[in-house]
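Q: In short: position in the sequence shown from 1, add 212, done, that's our numbering.
No wet-lab data here; the hints were simulated from the structure.
As the structure is a prediction and not an experimental result, all values here were calculated from the model.
Hints are not guaranteed to be accurate.
[Unchecked claim] As a list, the in silico DSSO-like pairs of lysine-lysine whose alpha-carbon atoms are at most 30 Å apart:
| no. | residue 1 | residue 2 |
| --- | --- | --- |
| 1 | Lys243 | Lys281 |
| 2 | Lys305 | Lys281 |
| 3 | Lys218 | Lys305 |
| 4 | Lys270 | Lys218 |
| 5 | Lys270 | Lys281 |
| 6 | Lys243 | Lys218 |
| 7 | Lys281 | Lys218 |
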Amino acid sequence: MSKKNKIRVLALGLIRDGDRLFISQGYDSIKQETFYRVLGGGVNLGEYSRDALQREFKEEIEAELTNIKYLGCMENIFMFNGEERHELIQLYKCDFADSK
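Start from the sequences, fold in the hints, and give me the full structure.
A: Here's what the structure looks like:
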């Protein structure tokens, strides 16, 4: 089954530093547009979203998280690189365990 026939479940972490947000930059080559989103990634079958959030931060930037608080679920249906996508986002507020 292709990505366009699936709903993707993501766990994303909102980290603030004063009035700044910790985000990553992406690019849609079809629209030729830059976009931004908070870090995180896909939730695997049988994995809780909170555990996926911690795993993704370790994998992506070798960071541990603390003060993890669930904010809610968001749903997006959008076009990316010319394909329709559908995602459910479990959004968390959190901090880096090592604030250096």
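Q: Work down the list of hints and note, for each, if the structure agrees.
A: Hint check:
no.	hint	verdict
1	Lys243 - Lys281	34 Å, violated
2	Lys305 - Lys281	5 Å, holds
3	Lys218 - Lys305	26 Å, holds
4	Lys270 - Lys218	26 Å, holds
5	Lys270 - Lys281	18 Å, holds
6	Lys243 - Lys218	22 Å, holds
7	Lys281 - Lys218	27 Å, holds
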